[in-house]
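Visitor: In order, the protein sequence lines correspond to chains A and B. Residue numbers 6 to 387, in the numbering used here, belong to the letters of the first sequence in order. Residue numbers 6 to 387, in the numbering used here, belong to the letters of the second sequence in order.
None of these hints come from the bench; they were simulated from the model. Honestly, I wouldn't trust all of these hints.
DSS-like, lysine-lysine: derived pairs with alpha carbons at most 27 Å apart [claimed, not checked]: (1) K335(A) <-> K232(B); (2) K320(B) <-> K335(B); (3) K218(A) <-> K218(B); (4) K218(B) <-> K231(B); (5) K333(A) <-> K232(B); (6) K320(A) <-> K335(A); (7) K320(A) <-> K333(A); (8) K232(A) <-> K282(A); (9) K282(B) <-> K333(B); (10) K218(A) <-> K231(A); (11) K231(B) <-> K333(A); (12) K333(B) <-> K232(A); (13) K55(B) <-> K218(B); (14) K335(A) <-> K55(A); (15) K231(A) <-> K333(B); (16) K335(A) <-> K282(A); (17) K320(B) <-> K333(B); (18) K335(B) <-> K232(A); (19) K282(B) <-> K320(B); (20) K282(B) <-> K335(B); (21) K232(B) <-> K55(B).
A few chain B residues facing chain A, derived, Cβ under 10 Å [claimed, not checked]: (22) V23; (23) F67; (24) R88; (25) G203; (26) F223; (27) H321.
Quantities reported herein were computed from a predicted structural model and do not represent experimental measurements. Glycine included, each C-beta is placed from N, C-alpha and C at the ideal position.
Residues per chain, in single letters:
There are 2 protein chains.
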Amino acid sequence: MVSDLEKRYLFTPGPTPVPPEVLAASAEPMVHHRGADFRDIYARTLSRLKDVYRTESDVLLFTASGTGAMESAVANLTEAGERVAVVSHGSFGERWVSICERYGLDVHAIRYEWGESPDPDEVGAAVRESGAGIVFCQQSDTSTGVVSDVRGIREAVGDVTLVVDAISSLGAVPLETDAWGIDVVISGSQKALMSPPGLAMASVPERVLAQAKPPRTFYFDWRANKKAQDVLDAAFTPAVSLIRSLDVALGLILDDGLEAAFERHVRLGRAARAGIKAMGLELFSPDNDGAAVVTAIRAPEGIDSDQLLAHLRDKHGVTLAPGQAHLKGKIFRIGHIGWFDVFDIASALAAVELSLTELGAEIERGVAVARAFEAFESPVTA
Amino acid sequence: MVSDLEKRYLFTPGPTPVPPEVLAASAEPMVHHRGADFRDIYARTLSRLKDVYRTESDVLLFTASGTGAMESAVANLTEAGERVAVVSHGSFGERWVSICERYGLDVHAIRYEWGESPDPDEVGAAVRESGAGIVFCQQSDTSTGVVSDVRGIREAVGDVTLVVDAISSLGAVPLETDAWGIDVVISGSQKALMSPPGLAMASVPERVLAQAKPPRTFYFDWRANKKAQDVLDAAFTPAVSLIRSLDVALGLILDDGLEAAFERHVRLGRAARAGIKAMGLELFSPDNDGAAVVTAIRAPEGIDSDQLLAHLRDKHGVTLAPGQAHLKGKIFRIGHIGWFDVFDIASALAAVELSLTELGAEIERGVAVARAFEAFESPVTA
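Given these sequences and hints, build the entire structure.
Guide: If you want it as structure tokens, here you go:
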């Protein structure tokens, strides 16, 4: 273990690093969630969420992890035995499958290899063939780094309800909830929204609420939560201090502008990939500008990626993310969503380079950081 | 509205005031929930929770409001159509009823007037007659200030599963989870545990888990959450910063000793009641040492209690809690759980006295605070 004095570096795709002013907001004196002091913060946070979502609809805010908000969609939109479709290309696609199965649904899983990007036309055909009226998918599956074309999927699936998990992508890559006609978008506080974990969201337009089924949940009941939010109340005591933090974080993001955030994430992804390739390592996530959330990398021959991560953490205080499920030990992941800049990418690359060398791997040394800076500087065209 | 510079006083029974060092812990740099830095905090928090619960069993920790943990008990222990009993003597008893109905249970509600204390023998007889195998109740119903005799209820109900909501009472009044044989105890971070809201808990012994039904929830699945906690993991990204705060708060409570906390709460309740009576106001909550969580007070003739609360808040920066449901406008409540001392009670009483005078109520002036201090000093015998 590194000593308490040594610096820690958090380069994971959730929780992500949280700016000091966002953390400080969590430490402000406690206020009552039904008092005037909090209502101002709450109203502003809910309004800012709509701006980040690019929606005119309500964004319901839950005190929960993102999975809770995912479950809310299944528990409010479906009834037992109903046929639904899930587009799965990673660990979180399988989470949709698990939640749907828990709710007794007839799940038609449209599965891709982990790391593959779903083809919208194929998805559209599969959904039509399945007869499903609701489709669950990910915009970003954090387990692989794939950012899928949810706009294309929306166009291809036709007149069904589309529920998109954008937990790790909202605020990092473009998502036009209203303009693209996405019915429900799920997100969480601890990814590109650069806030502490503990808050989850679901955008729920009136047209979707109108087709909701009798809710099979109490805590995540959309109608009850919306009814409270409509009068700036919360159905259940919310995480007041986390909402204070989220308010500050959303303000920082919106002041800088969402377009700037999207461009920065493209550049950060480029920098990470360029550096990794310069070391002679192989990318697991796609090598294109879309992969702006997390960069997944195959461990080099003879190195277990979990061993690399333990070395990085215990010897250098650097935390990266491991491979999940069958990718455990095989890949590792550098997150770059939210409060990240190119110096973070440089540090992550330098730490990987140093650690792999210390572990005896044969890699190209001394070029990754320079390549990363070059890639970061190259212009982004919209 | 008071100006930003004027001091705010939070005298509500949840969220409760949070000590500065507990708030500051929430603002520490973000760490990964699966890293070594967090695992130490997590292990200590889970262990401290067991100490506060006085149980050897696992206390499952959820990122949610207390209602989420209440729902977890219903969703894991019951199947649709099953007969259950609910002891209801306030707003939160009705919440048990609502959750159980949402899950399609055959609910036998054993109802008392709000403000009345359930009689254990009566409850025992009603449960036996109902044929229910599971009983849900409150130790403290925050809506009325009644702290019920859950030890007596445990003895009276016989061989059924007893689920106790101790959200506002755990850490304030004695609750011996193991010694009294309470099967499941629900609690939350934002009451006597003097932490920010956003964490909820349920103690789940192996014997109870063995009789769990197929879970009708994904996020609150006891087995999945326990499986993760068993290896110091969390099933879903937990509220890292809130757990840091809870860890510090539990440390403060346990260092001082639970017995000291129980005695302090008795004294605080005495002080509040003595002051209220000295003003000539009428108590709504029972006038005994058991009512150590919150003091509920009838608004005097001609005064709407919501008007009093608005005056207290807008003119003096003092937040008290309103009456709920049919008690709205009729009662108001002074919370005294967690980080409260006698000077808080004195401030609350002085503010009520001042505000009622300003609103033209006929009350006894100038004696409440002195009576409160006297009552606080009188010895507590175990």
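Visitor: Evaluate each hint against the coordinates.
Guide: Right, here's what the structure says about each hint:
The hinted pair formed by K335(A) and K232(B) meets the criterion: a straight-line CA distance of about 24 Å does not exceed 27 Å. Taken as a hint, the K320(B) and K335(B) pair is honoured in the structure, with Cα atoms around 21 Å apart against an allowance of 27 Å. Under the criterion of a C-alpha separation no larger than 27 Å, the hint pairing K218(A) with K218(B) is consistent with the structure, at around 24 Å. A C-alpha spacing of about 15 Å is found between K218(B) and K231(B), which places the hinted pair at or below 27 Å, so the restraint holds.
Among the hinted pairs, K333(A) with K232(B) is consistent with the structure: their alpha-carbon atoms are about 19 Å apart, no more than 27 Å. Under the criterion of a C-alpha separation no larger than 27 Å, the hint pairing K320(A) with K335(A) is consistent with the structure, at around 21 Å. Proposed proximity of K320(A) and K333(A) is supported: the alpha carbons are some 21 Å apart, at most 27 Å. For the given pair, K232(A) sits about 51 Å from K282(A) by alpha-carbon distance, which is inconsistent with the 27 Å threshold.
In summary, the hint linking K282(B) to K333(B) is supported, as the alpha carbons are separated by about 21 Å, within the 27 Å threshold. About 15 Å separates the Cα atoms of K218(A) and K231(A), which keeps this hinted pair within 27 Å; it holds. Taking the CA atoms of K231(B) and K333(A), the gap is about 22 Å. The hint holds against a cut of 27 Å. With a C-alpha separation of about 19 Å, the suggested pair K333(B) and K232(A) falls inside the 27 Å cut-off, and the hint holds.
Restraint check: the Cα-Cα separation between K55(B) and K218(B) comes to about 24 Å, which is no more than 27 Å; the hinted pair holds. For the proposed pair K335(A) and K55(A), the alpha carbon gap of about 39 Å is over 27 Å, so the pair is violated. With a C-alpha separation of about 22 Å, the suggested pair K231(A) and K333(B) falls inside the 27 Å cut-off, and the hint holds. Distance check on the hinted pair: K335(A) and K282(A) sit about 17 Å apart at the alpha-carbon level, within 27 Å; holds.
Taken as a hint, the K320(B) and K333(B) pair is honoured in the structure, with Cα atoms around 21 Å apart against an allowance of 27 Å. Note on K335(B) and K232(A): the hinted pairing holds, with a Cα-Cα distance of about 24 Å set against a maximum of 27 Å. Simply put, K282(B) and K320(B) have alpha-carbon atoms about 24 Å apart, close enough for the 27 Å limit, and the pair holds. Restraint check for K282(B) and K335(B): satisfied, since their Cα atoms lie roughly 17 Å apart, inside the 27 Å limit.
Of the pairs offered as hints, the one joining K232(B) and K55(B) holds, with about 17 Å between alpha carbons and a cut-off of 27 Å not exceeded. Annotation: V23(B) was flagged as interfacial toward chain A, and the flag holds, the nearest CB pair being 5 Å apart, inside 10 Å. Restraint check, F67(B) versus chain A: the minimum CB separation of about 8 Å is within 10 Å; hint holds. Taken as an interface hint, R88(B) does not check out: its beta carbon lies about 19 Å from the nearest beta carbon of chain A, beyond 10 Å.
With a least beta-carbon distance of about 3 Å to chain A, the hint placing G203(B) at the interface is held under the 10 Å criterion. Residue-level restraint check for F223(B) holds (minimum Cβ-Cβ distance to chain A is 5 Å; threshold 10 Å). Interface restraint check: H321(B) against chain A, minimum CB-CB distance 13 Å, threshold 10 Å, status violated.
Checked against the numbered hints listed earlier, the structure breaks hints 8, 14, 24, 27; every other hint is satisfied.
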